[in-house]
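Engineer: Sequence:
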Amino acid sequence: MAASSARPLGLWMCTALVVGNMIGSGVFMLPASLAPYGWNAVIAWMLTIGGALCLAFVFARLAEAFPRAGGPLAYTQEAFGPTAGFMVAWAYWISMWVGNAAIATGGVSYLSVFFPALGKVPGLAALVTVAVVWALTAVNCWGSKSAGRLQVVATILKLLPLIAVAGLAVVILARKGGAAVTPFEPSQLSAGGITAAATLTLWALLGLESATVPADKVHEPTRTIPRATLYGTAFTGLIYLVVCSAVVVLSPADLLKTSNAPFADFVGYHGGGDLRLVLAAFAAISAFGALNGWVLLQGEMPYAMARDGVFPAWLGKVGKRGTPVRAHVLSSALLTILVLMNYAKSMADLFTFIALLATSASLFTYLFSALAALRLQQKHRMDASMLLTVLAIMAAVYSIWTLYGAGASASLWGVVLLLAGLPVRFLTARAARPVLPETVS
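Numbering (this note's numbering) for the sequence shown: 314 to 754.
Since the hints were made in silico from the structure, they are not lab data. Errors might be hidden in some of the hints.
Said to hold, decoys possible - Pairwise CB distance ranges (calculated):
{"id": "1", "residue 1": "Pro349", "residue 2": "Phe548", "range": "50 to 56 Å"}
{"id": "2", "residue 1": "Val642", "residue 2": "Leu568", "range": "39 to 45 Å"}
{"id": "3", "residue 1": "Phe548", "residue 2": "Gly490", "range": "26 to 32 Å"}
{"id": "4", "residue 1": "Ser500", "residue 2": "Trp714", "range": "20 to 26 Å"}
{"id": "5", "residue 1": "Val434", "residue 2": "Val591", "range": "23 to 29 Å"}
{"id": "6", "residue 1": "Pro349", "residue 2": "Phe739", "range": "43 to 49 Å"}
{"id": "7", "residue 1": "Lys633", "residue 2": "Leu486", "range": "36 to 42 Å"}
Since we're looking at a predicted model, the values are computed, not measured. Where is the CB? At the ideal position from N, CA and C, for every residue including glycine.
Make the full structure from the sequences, and use the hints.
Structural biologist: Pasting the structure below:
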């Protein structure tokens, strides 16, 4: 009983964390961004899912060999030393709270369907966004088990509209056959179009490594984390491929290009009527469910960094309920500053900017994690296998390719984020030491 209480996250909660973190507001907005690419987007989804599964396998094997809190931080540090581990973890942590701003903004934007004032009163959406963030921060400070239970419920609820859209697509194909599908024109396929679309699709799959971060709170981590990572990634990838591709190829491109709610407009175009409101409600649930999981991780990451001596030691202390309260508060405070500084931007513009920034930062984490798997095999720190070597190389190549597809601006910002952490690293390197959990009031 004591072990279960100390490690409250089991297979279902960890899988829900992976699926829930990937299925957020992004999937409900992607068809509008992917519409100009047509069938290029379908191919991009296949490549993205393939790359994500390679990464998931790498993370699964790393988690099995090193079941430590911190995920990418732990693996990179084991392979390349504390400075490299810090830089990767720094970029990953920033991508978390920056990305959380995008997720929260997307969720509130769906609420504007029911509360139009959110889109009309200056600053109101920003205040509501901040309020939601702090409410979920309080949930995660209360305890990992509470956050895990909320994640399971939210994940089930957010799957319902996706299943409904997939069912509608089947009905449309049964009634109209191939005539309902956008014609496949091989001449319109291009390497540039596929690469650009693949970069967009990756945003929806960020979070596949989620179960590796709170490893010290996972029951039987060497078994639970690998299975949750692979199951969650494969399941989410299949859902995305079917649902997003169906919306893109079964809707006029002109309808989706200008849509603020492409899933709702897809249903409306095919005679769904008031189901638009139902989809908007579930989209908001999806976003806030994903936000709950990412808030958990944005607190666990700086906590793990402090425990390993690369962040100030006071972030490595826990509250009375065993949660890293200080790390949660710092992360949400930075998120709040970001949202309030950009309150004048439209919700769509803010979402797009932050999503690209978070994606580019995450790609550095994925690249170094794949390289860590190769390096740790070479150093005989983990069991070597030809399959892991091949998939780690494929994951590294995929990460580099997607960084290229993100464009110079996003990749440059990713480099800037990495370099911005160096002063923190050098200032804390001498004083920081691994610390044991200490209860604070």
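Engineer: Each of the hints needs a verdict: does it hold here or not?
Structural biologist: Hint check:
1. Pro349 x Phe548: 50 to 56 Å: For Pro349 and Phe548 the Cβ distance comes to about 28 Å; the hint is violated.
2. Val642 x Leu568: 39 to 45 Å: holds (44 Å)
3. Phe548 x Gly490: 26 to 32 Å: The hint (26 to 32 Å, Cβ to Cβ) holds, given that Phe548 and Gly490 are roughly 29 Å apart.
4. Ser500 x Trp714: 20 to 26 Å: holds (23 Å)
5. Val434 x Val591: 23 to 29 Å: This hint holds: roughly 25 Å between Cβ atoms.
6. Pro349 x Phe739: 43 to 49 Å: With a Cβ separation near 45 Å, Pro349 and Phe739 satisfy 43 to 49 Å, so the hint holds.
7. Lys633 x Leu486: 36 to 42 Å: violated (55 Å)
The structure is inconsistent with the numbered hints 1 and 7, although it conforms to all the rest.
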